[in-house]
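Protein chains: 4
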Amino acid sequence: MALFLCFVHSATKATLQLTEKMAAAGADAVLVVNPCFYKGKMDSRALIHHFTEVADSSPVPVVLYSVPANTGLELPMDAVVELCQHPNILGLKDSGGDITRIGLIVHKTEAQDFQVLAGSAGFLMAAYCVGAVGGVCALANVLGQELCELERLCKSGHWKEARVLQQRLIEPNASVTRKLGVPALKQAMEWFGYHGGACRAPLQPLTEAETQQLRRDFSTNGWL
Amino acid sequence: MALFLCFVHSATKATLQLTEKMAAAGADAVLVVNPCFYKGKMDSRALIHHFTEVADSSPVPVVLYSVPANTGLELPMDAVVELCQHPNILGLKDSGGDITRIGLIVHKTEAQDFQVLAGSAGFLMAAYCVGAVGGVCALANVLGQELCELERLCKSGHWKEARVLQQRLIEPNASVTRKLGVPALKQAMEWFGYHGGACRAPLQPLTEAETQQLRRDFSTNGWL
Amino acid sequence: MALFLCFVHSATKATLQLTEKMAAAGADAVLVVNPCFYKGKMDSRALIHHFTEVADSSPVPVVLYSVPANTGLELPMDAVVELCQHPNILGLKDSGGDITRIGLIVHKTEAQDFQVLAGSAGFLMAAYCVGAVGGVCALANVLGQELCELERLCKSGHWKEARVLQQRLIEPNASVTRKLGVPALKQAMEWFGYHGGACRAPLQPLTEAETQQLRRDFSTNGWL
Amino acid sequence: MALFLCFVHSATKATLQLTEKMAAAGADAVLVVNPCFYKGKMDSRALIHHFTEVADSSPVPVVLYSVPANTGLELPMDAVVELCQHPNILGLKDSGGDITRIGLIVHKTEAQDFQVLAGSAGFLMAAYCVGAVGGVCALANVLGQELCELERLCKSGHWKEARVLQQRLIEPNASVTRKLGVPALKQAMEWFGYHGGACRAPLQPLTEAETQQLRRDFSTNGWL
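Residue numbers (UniProt numbering), protein chains in the order written: chain A, 1 to 224; chain B, 1 to 224; chain C, 1 to 224; chain D, 1 to 224.
Honestly, the hints are just simulated from the structure, not real lab data.
One thing to keep in mind: the hints can contain errors.
Copies of the same chain look alike in the list, so a pair counts if it fits in one copy or across any two.
With a cut-off of at most 20 Å between alpha-carbon atoms, the simulated EDC-like pairs for lysine to aspartate or glutamate come out as follows [as the list claims (entries may be wrong)]:
1) Lys39 / Glu210
2) Lys13 / Glu53
3) Lys39 / Glu74
4) Lys108 / Glu151
5) Lys108 / Glu161
6) Lys179 / Asp78
7) Lys179 / Glu210
8) Lys21 / Asp98
9) Lys41 / Glu210
10) Lys160 / Glu110
11) Lys179 / Asp98
12) Lys39 / Glu20
13) Lys41 / Glu171
14) Lys155 / Asp43
15) Lys39 / Asp78
16) Lys179 / Glu20
17) Lys179 / Asp43
18) Lys160 / Asp43
In isolation and in its complexed conformation, chain A is listed as follows:
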């Protein structure tokens, strides 16, 4: 009897192929999450090998993506410091939110042309404060203009105004990310006049209670 194992983990070869397809489809850069299925073996050696292979062959620049809430792994500091020297690796989207780590990555990569980017709007101001140069934030799909305004306030040194705005963004951001996730992001987009659309399975639509929670997280902060 033949029993085949049915799942896809992000093998290097599959990542290379997808990267090429994306470049062909018009992507200006690719955001590449670290492989994470065989967690115990995804040490710096394996990850440096993986991203180097991808960056070597990618027709467009690569941005590293560390998102431990989803992968169960944080891209190790020493791997980031090694990879930041690759000419086709542009930067890092760090969604872990460990601001000490983000500050140290900024420090250890500052000799390179390497962009450290906040991976979530909840710590966008703090990331700017410690030296990040931007963000790639789910919430920008809903409150894009407000995040641009937050960036402007931080970059121009208006920290007090920035703080007031940042504080009002934390709960809506949590709602569309770790708390209620992609289905909430899509729902909120609809409320704000964008096209969110349906989730891909296995993600499920929000329950009624979740929808109310989402609405509350926006309304108590003055966005709805």
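Please build the complex by placing chains B, C and D on the supplied structure of chain A, with the hints as guidance.
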């Protein structure tokens, strides 16, 4: 500028397609791991939906696969109890090794024709003891005959002999699974006269120190 | 301004003192949990030192206690293997429930007069199966006779009857340990005619919903 | 046979007594860590009850202390928001380093006279940026003047100079906290002319390799 996200998570649609390909390639059954990327949203509702969709359309029977060390998620008990009633879901490979849970799953699914299978050789005897009917074990690629002998001893009630054999299998098993992983499994297969072959990247070959550790885990238990 | 830190972590000296007080109060043995506050520093070196100091000076024998659900630390295998040689260390209560680990500890300590004890009734049968010699189980405060019967069935090789009994104990046991904890244990003791009494703060009495859950976990398994 | 359990968890009564002793010994305030042994039961209800009891009876003001790396528990947001209203609770030392959470706590407690304090020097600047008013930092035992200078730069809006200083403090701080812990802190104090002294067991003195690592973390950042 267009920035595309490059990773594959096991969406229901992709799983359906892979399942069909595998059946067409001759698989008698498919072992389907739970999706795990958006961990926070992979609750019982989403997982029951996912596996039901897959089992509804799969041309061959489905075995559920829970492997929290890799996915960061355990397939919830209530989802297993619900899914065990599906006529095209054969059983569960449980690699978490929580023997209390395995015993309870046996208990709660015994009214159904549902096979609970040990997902690792380290707890194979204990799993038989609490009512599992077999195992799907990485170590069987190396010590297949010995695992069959362990099964025979357990099923025929020779628990003392079983225990002696089981004890000698724990360290080799740990070595080719959570400790040194797939590269160690492939290396050990070569030692035992099978074809292990090279690992797919990003998995890396064993270091010299790891190879020595692997050899020690087999030799101190009398297998090399 | 003087700001003093207010907490007690289980320093070696405090453990020594409490051990002596307990022996003076009539304890025949002491069950000593591993210190766990400075987790990052509680490696095998520190833990071997700690338990050796305690065992050296304790007037009564010491039983090691590993309970990772509460301490966030598992007493490392190599520390257990080293400590099992101490003449005043009797055994180990292992509440982690990792049956592979328990089997390996039995194997690696069998040359010594060292008792491996199941730390929870949920995996008592499986622990006997892999070589444990007994258990120290919260549930014994409620269903003591039944646990003795389970022990008798395991020790006399009546595994099928043991399994039927074990299966009915898993949910009541989970209820009075990790699910609802000490307050549930005390409540169940009252139901079964024992004196449970009030919990010490900060533990809170069960809510009405928790009490119903507890009752259900006993009644659906035929104990109430 | 009597088998007594030997450990101290921070019961409310013991905390009350220690708080009174500290006040009698001259403490101006007490820093009270949340109880954490029965983690599963340490929900907001239990923790609010605990800290309210302590604050009600403490002769001196209470500072809440959340340090998940040691306790395995984060003091829940809703408990902090409730407790900040107590007249004898001054503030919170938050050592978790989740800057999003710290920002939200500042926001949700700003109507009260409640001080949010960075619990570690690694994120001191970021904490000031999001609205914290100070810090309680292990590293201040070694580089006290430098931390005061960092505070001054943050409070006076000299963020660029602050960032340069903050970056040089991250590695020394990690070294004397989560990486090498209290023994490293004591060793570094000796190097800087203070009295560190010996660690209390079970903490062990640094190994030679750890001492070198510690020295490197200070010297590569220009402090030694």
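Structure-based check of each hint:
1. Taking the shortest Cα distances, Lys39 and Glu210 sit within 20 Å of each other only across copies (17 Å), while inside one copy they are farther apart (32 Å).
2. Only within a single protomer do Lys13 and Glu53 lie at most 20 Å apart by alpha-carbon distance; the minimum there is 9 Å, versus 28 Å between protomers.
3. Within a single copy, Lys39 and Glu74 get their C-alpha atoms as close as 10 Å, and across copies as close as 15 Å, so both meet the 20 Å cut-off.
4. When the C-alpha separation of Lys108 and Glu151 is checked against a cutoff of 20 Å, the pair qualifies neither within a copy, at 23 Å, nor between copies, at 23 Å.
5. Proximity of Lys108 and Glu161 under a CA criterion of 20 Å is satisfied inter-copy only: 17 Å between copies versus 30 Å inside one chain copy.
6. Taking the closest pair of Cα atoms, Lys179 and Asp78 come within 20 Å of each other only across two copies (15 Å); inside a single copy the shortest separation is 30 Å, beyond that limit.
7. Taking identical chains as interchangeable, the C-alpha atoms of Lys179 and Glu210 lie at most 20 Å apart only when both belong to the same chain, with a minimum of 10 Å there against 25 Å between chains.
8. In this assembly of identical chains, Lys21 and Asp98 lie within 20 Å of each other by CA distance neither inside one copy nor across copies; the values are 33 Å within and 37 Å between.
9. Within a single copy, Lys41 and Glu210 get their C-alpha atoms only as close as 37 Å, which misses the 20 Å cut-off; across copies the closest is 12 Å, which meets it.
10. With identical chains, the CA atoms of Lys160 and Glu110 are at most 20 Å apart between copies only, with a shortest distance of 14 Å across copies and 27 Å within one.
11. Taking the shortest alpha-carbon separations for Lys179 and Asp98, both the intra-copy value of 18 Å and the inter-copy value of 16 Å come in at or below 20 Å.
12. In this homomeric assembly, Lys39 and Glu20 never come within 20 Å of each other (Cα to Cα): the closest approach is 26 Å inside a single copy and 28 Å across copies.
13. Only between protomers do Lys41 and Glu171 lie at most 20 Å apart by alpha-carbon distance; the minimum there is 18 Å, versus 35 Å within a single protomer.
14. With identical chains, the CA atoms of Lys155 and Asp43 are never at most 20 Å apart, being 35 Å at best within one copy and 40 Å at best between copies.
15. Only within a single protomer do Lys39 and Asp78 lie at most 20 Å apart by alpha-carbon distance; the minimum there is 17 Å, versus 24 Å between protomers.
16. Taking the shortest Cα distances, Lys179 and Glu20 never come within 20 Å of each other, neither inside one copy (33 Å) nor across copies (34 Å).
17. In this homomeric assembly, Lys179 and Asp43 come within 20 Å of each other (Cα to Cα) only across copies, at 12 Å, whereas the closest approach inside a single copy is 29 Å.
18. With identical chains, the CA atoms of Lys160 and Asp43 are never at most 20 Å apart, being 41 Å at best within one copy and 34 Å at best between copies.
Consistency with the previously given hints fails for numbers 4, 8, 12, 14, 16, 18, ordered from lowest to highest.
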